[in-house]
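Trainee: The two chains are supplied separately, each in an independent frame; assemble them into the complex guided by the hints.
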Amino acid sequence: MFFSKGKKAERRAVFEEQMLEHLDALYGTALRMTADRATAEDLVQDTYLRALRFRHKFEPGTNLRAWMFRMMVNLHINKCRRERRGRQIHEGLERHDMAERVLPSEKMAPTRRPEEYFFERMMSDDVARALDALPRDFKMVVLLADINGFRYSQIAEILNIPVGTVMSRLHRGRRLLRESLHAFAIEEGYIKPTEGETADLEAFRRSKQDREVG
Amino acid sequence: MDCQEVCRFLQVYLDGEFDEDDRRDVEAHLATCAACRARAEYERRFREAIRARIPKPAAPEAFRARLVQAMRGHRDRSSFPRRLVWSSVPAAAVLALVVTFTWTVTSGFSPMVDEAISRHSTETPVEVNTASSDEVEGWFRAKVDFNVALPRFSSRRLSLVGARLSHMAERQAALVRYRQGLRRYSLLVTADRGEAMEGQRCQRVEQHELCLTERRGYSVVFWRSRGLVYSMVGDTGASDLLEVLHSALARGEPLAP
Ligand SMILES: [Zn+2]
Numbered sequence: 001m002f003f004s005k006g007k008k009a010e011r012r013a014v015f016e017e018q019m020l021e022h023l024d025a026l027y028g029t030a031l032r033m034t035a036d037r038a039t040a041e042d043l044v045q046d047t048y049l050r051a052l053r054f055r056h057k058f059e060p061g062t063n064l065r066a067w068m069f070r071m072m073v074n075l076h077i078n079k080c081r082r083e084r085r086g087r088q089i090h091e092g093l094e095r096h097d098m099a100e101r102v103l104p105s106e107k108m109a110p111t112r113r114p115e116e117y118f119f120e121r122m123m124s125d126d127v128a129r130a131l132d133a134l135p136r137d138f139k140m141v142v143l144l145a146d147i148n149g150f151r152y153s154q155i156a157e158i159l160n161i162p163v164g165t166v167m168s169r170l171h172r173g174r175r176l177l178r179e180s181l182h183a184f185a186i187e188e189g190y191i192k193p194t195e196g197e198t199a200d201l202e203a204f205r206r207s208k209q210d211r212e213v214g
Numbered sequence: 001m002d003c004q005e006v007c008r009f010l011q012v013y014l015d016g017e018f019d020e021d022d023r024r025d026v027e028a029h030l031a032t033c034a035a036c037r038a039r040a041e042y043e044r045r046f047r048e049a050i051r052a053r054i055p056k057p058a059a060p061e062a063f064r065a066r067l068v069q070a071m072r073g074h075r076d077r078s079s080f081p082r083r084l085v086w087s088s089v090p091a092a093a094v095l096a097l098v099v100t101f102t103w104t105v106t107s108g109f110s111p112m113v114d115e116a117i118s119r120h121s122t123e124t125p126v127e128v129n130t131a132s133s134d135e136v137e138g139w140f141r142a143k144v145d146f147n148v149a150l151p152r153f154s155s156r157r158l159s160l161v162g163a164r165l166s167h168m169a170e171r172q173a174a175l176v177r178y179r180q181g182l183r184r185y186s187l188l189v190t191a192d193r194g195e196a197m198e199g200q201r202c203q204r205v206e207q208h209e210l211c212l213t214e215r216r217g218y219s220v221v222f223w224r225s226r227g228l229v230y231s232m233v234g235d236t237g238a239s240d241l242l243e244v245l246h247s248a249l250a251r252g253e254p255l256a257p
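These protein sequence lines map, in sequence, to chains H and B. Each residue of the first sequence is one higher than the one before, starting from 1 at the first, in our numbering. Each residue of the second sequence is one higher than the one before, starting from 1 at the first, in our numbering.
Think of the hints as simulated: they come from the structure by calculation, not from any bench. Virtual Cβ for every residue (Gly too), placed ideally from N, Cα, C. It is possible that part of the hints are untrue.
To be verified - Going by beta-carbon spacing under 10 Å, a handful of chain H positions derived as facing chain B:
id, residue
1, Leu26
2, Tyr27
3, Tyr48
4, Glu116
5, Met123
6, Ala128
7, Phe138
8, Val142
9, Asp146
10, Gly149
11, Leu170
12, Leu177
13, Glu187
14, Glu188
This is chain B alone, in the form it adopts within the complex (with noise of 0.2 Å):
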């Protein structure tokens, strides 16, 4: 091999993809000639400087987190494609709201749905005793961050129990309980940091995008209005709790002032 020759595959010498042979004339090579060894040189400290410096970002945890959810959600999803079922209700109601609510499916978990359904379900006692929304949100007003507004629902399917502080997502938190005969609701009520929302099923509804979750024998529905973001969680299935929030909708109201 001449210098010629040496020069146009220097990388190719470099990148290792030379088989035995080939390496060898070039060592052979780049052992006599000093002009080419400091051009080889040149090149592997060029690489490895570009190699060195360039910024290699781990994955943040959050996003692990929330694509090993997602994975699950395919997961479950595949193996059980159909678990939204809407036997609950008569066949009438099942109608007009899946006219009202046409859902796609998008993918993944938010880990978001685990932290409601465990406020939910823990037996905390409330802070304020009250069935005025209006009460609740002023007894917050000096409490929390943030200006929680609170949907107004009919009061023939749900009644204000109280309220009091909790947390979500590592941010302070409005919960707020619901009662409907045997049947309790709770609302989480934070601030919007902007983060994906996601359940098994998403549609927008008027204005607002709801996501839907069930999950051990727990429904959990995720909306966001200005600068707020809702977790509404039932005992009940699916379209249950859909129902009470169609109340809120079907009265003209959206679901935060």
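One chain only, chain H, in its complex shape (with noise of 0.2 Å):
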């Protein structure tokens, strides 16, 4: 089938139109994922450029966003295999992937009373500070489901991993973030702790220490 050039032109600006429609989706993932603003542009930009060069790979009728997502992440994993060479961030993850594929049947949590909701008292800084804390892996699937929305199979797309594990660290990335906001709530007087709490307070700063030492 062949288009004139003016069909053709007209088809690619409709394409750059419904891409541009995400940007703001993919900037605050970007900025997120990268922690600084010129290096989230730079990624924001080289995707799109990226998905426009590529754009007759995607399907007429499948989830754009979740294409150009793909494409993002695809990039930034790239990025950072270059600029840390010889350290593969993905090692550490294939291993316990295996661990990963069956959902940990948690122990069950306790009933919570009502005054535990302490997370609503929380400041959205405290959120991002919890967020950005977080090891990558779990940041990137709380990032898709909880901030963009995006189903089981549709993080597990984008982040090429199977739908279980998806699950498990989505699930377990939420449980971090808690844990570190529930550190974070306590540092700033929004609630007292208990006992046990004081020392889940001594192994999450334990555990922030051995991130930015590692």
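Mentor: Right under this line is the structure:
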């Protein structure tokens, strides 16, 4: 099938418009992924230019936003790999993937009292800080699910991991996030620590230090 | 479903990933079990709290504009991959330039390109009439909040006509007019705020990164030096403009003192 130059240009303009509808979502996520405005802008721009170049590979009728997120995640991973040559960022993950594939049968959380909805008193800065402190792979699934509203199957495609891994990372990511927030809430005096929670805070600080060192 | 199972799949249920049957099972259990209901409520409110609080910044307008330009540049390049032709200079000169300027293509155009062309093509009179770079620099001293430093071009190639106050990218700019026979050139000097400088092609020459764009019959070269951004516009092809800049570099002088 042949299209005239004009028709081709028109279809391209429409595609560009559709892509730009997702700019805020991609930018917001890129900012959390890179923690730096200039790097986030570069990443998003690279994503758009690459998406344009490979636009013939996009299947009409499928989710354009998910397709662009996938492209952005891949670009980011490749960039990180290039930057820390030799240090495989996914190496650690593949290892515990096997263990994660089966949903961990968590021990049942105790029933909460209403005053323990401490997170409803937190500020957005606290949430951003806690999210940024999550290990990268947990952060990614939480970003995609809770901020961007993607379904498990879409996240699996974007990150190129099995749906089971998406589920376990998401659930563990949310739990880690809650633990971090809980620690902040104690630090900032939103809530008083109980004996058990003091221990949690210590553990959190240790893990935070480990992350900063590592 | 018992409490254990409901607890295990609570997240999946709340994420709306259960099919009709499983969903009904969970709901049947929640209807009769207060403990699981409280757990579900807790999870649901946690998720809501996170969603409501996580910053969702919109892409900055300046970035959006730059991105749109970059996409347009990408489009122009892919339909006219050989827009920059060197046909207006003799073959030997082309060779000399190619040796010095081995251009690489970078992505995107700066929105400053259009502004620079517009300042150049508008016939505004000069406010100071002199052929001396020193005098022009002195004239700007009390008028702009940065120290205007002009490149010294070979006078055989380019003669200074004069200068005036102007603006560029929402800041003060020194606009300097040059002439070479019938050809006109404009140099805009502004304070450098560190924004990305882009062009169809960019290349490092000596200590300068030069970024070049051809548009609507004009050509524009950007470079930065010592806290200033320079935009040179000519109503000529890119190769003529480059030759002019080359004349300053060839004399062993930087593009700004
Ligand atoms: Zn129950």
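Trainee: Each hint needs a verdict: does it hold in this structure or not?
Mentor: Do the hints match the structure? See the list:
no., hint, result
1, Leu26, "holds, 8 Å"
2, Tyr27, "holds, 4 Å"
3, Tyr48, "holds, 6 Å"
4, Glu116, "holds, 8 Å"
5, Met123, "holds, 7 Å"
6, Ala128, "holds, 5 Å"
7, Phe138, "violated, 13 Å"
8, Val142, "holds, 8 Å"
9, Asp146, "holds, 6 Å"
10, Gly149, "holds, 9 Å"
11, Leu170, "holds, 7 Å"
12, Leu177, "holds, 7 Å"
13, Glu187, "violated, 17 Å"
14, Glu188, "violated, 14 Å"
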